[in-house]
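Based on the sequences and whatever the hints tell you, model everything.
Sequences listed follow chains Z and Y, in order. Quick note: the first sequence uses the working numbering, first residue 13, plus one each step. Quick note: the second sequence uses the working numbering, first residue 38, plus one each step.
What the hints contain is simulated information worked out from the structure, not anything from laboratory work. Just so you know, even glycine gets a beta-carbon here, dropped at the ideal spot from N, CA and C. Just so you know, not all the hints are guaranteed correct.
As the list claims (entries may be wrong) - Selected chain Y positions facing chain Z (in silico; Cβ < 10 Å):
1. 65
2. 208
3. 219
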Amino acid sequence: MVNNIEMDVESNMEQQVSGAAPEPAQQPQEAAVIRARSRGSSGAEGGGDGGVGGNGSGPEQNGQPPTARPPHVVETDEDEDEELTLKYGAKHVIMLFVPVTLCMVVVVATIKSVSFYTQNDGQRLIYTPFPEDTDTVGQRALNSILNATIMITVIIVMTLVLVLLYKYRCYRVIQGWLFLSSLLLLFFFSYIYLKEVFKTYNVAIDYFTLAIMIWNFGVVGMMCIHWKGPLRLQQAYLIMISALMALVFIKYLPEWTAWLILAVISVYDLLAVLCPKGPLRILVETAQERNEPIFPALIYSSTMVWLVNMADTDRPKRNSTEVPQQEPQEAVASPAPSGMLQDDGGFTPSWVNQQEHQLGTLQTTEDTRREIQQLPSDRPPVDDDDDEERGVKLGLGDFIFYSMLVGKASAAASGDWNTTLACFVAILIGLCLTLLLLAIFKKALPALPISIFFGLVFYFATDNLVRPFMDKLALHQFYI
Amino acid sequence: MTASVFFGCTFIAFGPAIALFLFTIAREPLRVIFLIAGAFFWLVSLLLSSLVWFISVQISNKESAAQQKGLLIFGVVLCVLLQETFLGASTRTENTVSGLGFGFMSGAFSVVNILADSVGPGTVGIHGDSQHYFLSSAFMTMAIILLHMFWGVVFFDACEKQRWWAVGAVVASHLVVSCLTFQNPEYVNSLVPTYVILLLMGVWAFYSAGGSLRNLKLCLTCKDKDFLLANHRPR
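Shown next, in the form of structure tokens:
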């Protein structure tokens, strides 16, 4: 099972980079962080090569008629097919479990040790202007509903703006936006983070050293994310910026607002992805029509190494001439199924060479590709390699919201670790189920709803029901 | 207190389980997923039993300590029964790894808060309680985790071979272990029998998983051809 997570980018908040001299009293505004929503679209067998036939990044490979078969899976035996599918499916699930777990661990570790992120400084984001320290519960509930409404409206508006920009091909604007937002995250937010960590551990450090550290961190991060870099480093950076973003949310969103926003965002994600007129769906379809990858630099990808090589070799069809510098990182960003981020149908260079050797020069038309795919399995056992290379991608927005949920749970739940653990397991199971649904339905699915739903249920249930029970048990040292 | 107690107790409690995880589960993605699913099922069973307990506490007399303790015991028994039900359900669909998942989650829930507290400053038992609270908790947790895993193996095997008496024995031993803990803090009375049961269950699980003295000998002297072949890594 090849998992194909589509990314949909949605702008979270706009950062007025120039003007926003953050007044001490007022919270510095959020970066124009593009919150990438992830959507699962099953690559599966047929999915594998979105790029086949020149479909650069069709997440669902819709550019490809269903008759096209992926190059790597030529399983004639049903059982073998199923078993391999299960095995590779499990591998892809684990490839997502690990980064999600790491991100959550970073967030929880920070929340538990650095008190800055749990302090209420009285500052709020401009998107959540209503305070929650009101006199009555009713007032607080009302304020949180209003806050959540404003936030969701902002998000919807941003998404629509993004879709419009994309539709009218204002790629430069989008790129600049993304660039600025990652700049902000990598420099400004990481500076704040580092400062608070040093404060917590009482480390005396001079500004020069700090400047050098932040400069290096930021520049390498920009390079890795927007250009080329070692895969692991890029993954690490993506995890770090997701964690930073989640920490910012945890600090500046008041409690009830945060839970409400999580719930509403999941519903919105569901609607935006599955409804025919949903903005995210429109975005995806537009991208498919144009045979382009959607947005660079904000998807976590689990395999990319060979694509860096691919960037140098002769690539068959290069569609996105409008944004040439996107090329290398299209590898990163293209939501094309699995690791295959370009329209080469998941053919590794070695495989391509081999095929060329066997069959003569490959032409890159749809027909010839289909023909080749339908050839009997005379293929060398590149299958394993192909599947290894054929990673899985998840949008950073999902990382951010998962970590935000777990972080909020560890910050808020009276210091109880059980609640954190419960939310953690719930989110992982939700992710697992989402990927399973992906394999079954083989169409674009949102990755937030199930996990967030489980997470919320388990948070409230564990905090209110299980915690008193376990506390009593621990008191008497009863074991269950 | 502090770091040495924290690390000591953590390794006591989770050492064997983590070793098991690293050697048998970590390499197989599917097993990891089953592990997490097992943890999830345990969590659900705990949730349901907590719900019942919570409701019963709300409608009971909050002043009477005896009644509260009685309700707690009832909660424990119910929890054990629910856990076994879910273990049955999960071993049907998955395999024996879910037992370890149960164990991990159960151990974690029992001991993580205690470990977190052990890092900070404080004196154990300053008000006259037992001074071995942390240590005994850690040992008990280790036993529980391993027991859950053995129960999972035996349960799975018993369900496969339709040996319902074995299923009953597993449930009964779980109840016995939980009820033994009611005697805490008389640790001798609770820990020693628990470890005896652990040993017995371990032996039972070993045999039902297909082990034998011969296998054991071969394995220990590194002459087990099947094992060597299965773990042979091509250069």
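Status of each hint after checking the structure:
1. 65: This hint holds: residue 65 of chain Y lies near chain Z, its Cβ roughly 8 Å from the closest one there, short of 10 Å.
2. 208: violated, 13 Å
3. 219: holds, 6 Å
In summary, the one numbered hint that this structure violates is 2.
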